[in-house]
Amino acid sequence: MSDTPVLADVIAVACAEAWRGDGEIFASGMGVMQMLGARLARATFEPDLMISDGEAFFIAGDLPIGGTDKVVEGWIPFRSVFDTVAGGRRHVMMGASQIDRYGNTNIANIGPWAKPKSQLLGVRGGPGNTVNNATSFFIPKHQTSVFVPVVDMVSGVGYDRAKKVGGFIAQRHDLRRVITNLGVFDFKTPDHAMRLVTLHPGVSLDDVVSNTGFELVVPAEVLISRGPTAQESAAINIIDPKGLRLREIAS
Amino acid sequence: MRNKLISETQAIASLESGMTLGIGGWGSRRKPMSLVRALLRSDITDLTVVSYGGPDVGLLCAAGKVKKLVYAFVSLDSIALEPHFRIARQSGTIPEPVEWDEGMLQWALFAASLRLPFLPTRAGLGSGVMDVNPTLKTINSPYADAEELLAVPALRLDAAFVHMNRADSRGNAQYLGPDLYFDDLFLGACEPGRRFVSAEKIIATQDLLKEGTFHTLKINRSMVDGVIHAPNGAHFTTCEPDYGRDEAFQKAYVDAARDPETWKAFTARFLSGDESTYQEQVVLWRAEVKAAQEATK
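Heads up: the protein sequence lines correspond to chains W and D, in order. Position 124 of the first sequence, counting from 1, maps to 124 under my numbering, and the rest follow consecutively. Position 98 of the second sequence, counting from 1, maps to 98 under my numbering, and the rest follow consecutively.
Among the clues, some could well be false.
Claimed, not checked - Okay, the calculated bits of chain W under chain D, using three or more residues with CB under 8 Å as the criterion:
1) 121-134
2) 158-168
Stated by the list, open to error - Pairs of lysine-lysine, DSS-like flavour, derived with a Cα cap of 25 Å:
3) D:K67 x W:K115
4) W:K117 x D:K65
5) D:K68 x W:K115
6) D:K68 x W:K117
7) W:K117 x D:K251
8) D:K67 x D:K137
9) D:K290 x D:K264
10) D:K137 x W:K164
11) W:K163 x D:K137
12) W:K117 x D:K67
Read the hints as simulated data drawn from the structure, not as lab findings. Note that the Cβ used here is the ideal one computed from N, Cα and C, for glycine as well.
My request is simple: use the sequences and hints to build the entire structure.
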């Protein structure tokens, strides 16, 4: 293996790492990198994860993204997804068009909600996801227009807002990781402000800080994101034989 | 014994402007498009539409028929953003948008189907949904935990459209695809009288278990007032296993929506005649695309 792994593979590993330790729960990925991460985690260090085909079935085995030769191990229509979310036995990795310091996210619209400059998806299941089950995010382009002081519409609940709601939601609120093209972030700080965890190879601290529109917690020692092991590289090539991940990430 | 077979036009004739209409399916999946197309041809307007939105919502918005829209998303799945919905939201032409979490829609329909005033949930609390829907109320658990929960109000429908793979003439209906979505709840939330099921094939009651197990019989005739025979009726959305999404046509729909002139041409060709004209034009369009592809080879 070369000294500098391909960035898309580093990110795939970082996405997979978000599910480490989750055990026998539904690992749900919304998007190519997210799905690759979930399937990579299951293929390697987290074998009990449940993975869906994105349609309505739990699949066993290492199904390539977009693959149709499925070994079905269960049925997960949307109604069962909602039940699983409310039951908390799921860790979803979503996308986000905006994210703030406490992990409030927006996939709904840019500009004022009443008359948006740009209508995006709508809040979808973001409100329910973020107060019920563990949620992580993959953001392909880390920039100040995405990492903002205040999101235009809160489709995903951040730590400050969860605290205000209080009770069950404040106690169980669980935003795990944010993975971008520059690095890996979490919320493991006293007030749950976003913290830099690792920088991807070749990325400087200044790259991250200058592309983040709010104050980031930077620990004294920042490690470099790891590349895939030989076993992980093999799994990545099985799950993503066409290299869809390379189109998601501009190297 | 009631024979409930009617046409799309007859179903639409029972609707009135200002009604609340629920539309089954999900995104660009198993949408009752032939009923939506019939509604587009009518004078009915000022609708409140409840939907896990796809091209049904886009088309009704483009036609200016939507006064109030209850949604969590509007998407074409393989194409993430629905063009007409985007235009309508960005130009402010939906007078009353009501944006909820996906699970809240399910709860609102389920509450209505159980004749409950509301159902409690956590989904929505703390999110922007609470900011943009100031009439939503919370309720405290009456038990020791006293947790504050969102009380999702029941959404009662005046009319409901769903599309199924098979149905008999009495209204027993069958889905053969991977997901019922929330179609049973749309029918359950609707007052008797305007609960319409379109189906790919109308079959004899004794044939209902020939293509699927009893698990596929989630819609029974007490939930249905009118049955419409609608072959290819979900086009261009999916109707597995009868057919998948017509991705090429969906792309043409999106391309046409980019510009008012091209949309006018699309409407004139595909949406101005009746359902059989639509289906004929789709067949002709496919042949034209194929001929054009062969010509460039």
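Quick rundown of the hints versus the structure:
no.: 1; hint: 121-134; result: holds (count 11)
no.: 2; hint: 158-168; result: holds (count 7)
no.: 3; hint: D:K67 x W:K115; result: holds (15 Å)
no.: 4; hint: W:K117 x D:K65; result: holds (23 Å)
no.: 5; hint: D:K68 x W:K115; result: holds (15 Å)
no.: 6; hint: D:K68 x W:K117; result: holds (20 Å)
no.: 7; hint: W:K117 x D:K251; result: holds (23 Å)
no.: 8; hint: D:K67 x D:K137; result: holds (23 Å)
no.: 9; hint: D:K290 x D:K264; result: holds (23 Å)
no.: 10; hint: D:K137 x W:K164; result: holds (16 Å)
no.: 11; hint: W:K163 x D:K137; result: holds (19 Å)
no.: 12; hint: W:K117 x D:K67; result: holds (21 Å)
In this structure, none of the earlier numbered hints is contradicted; all agree with it.
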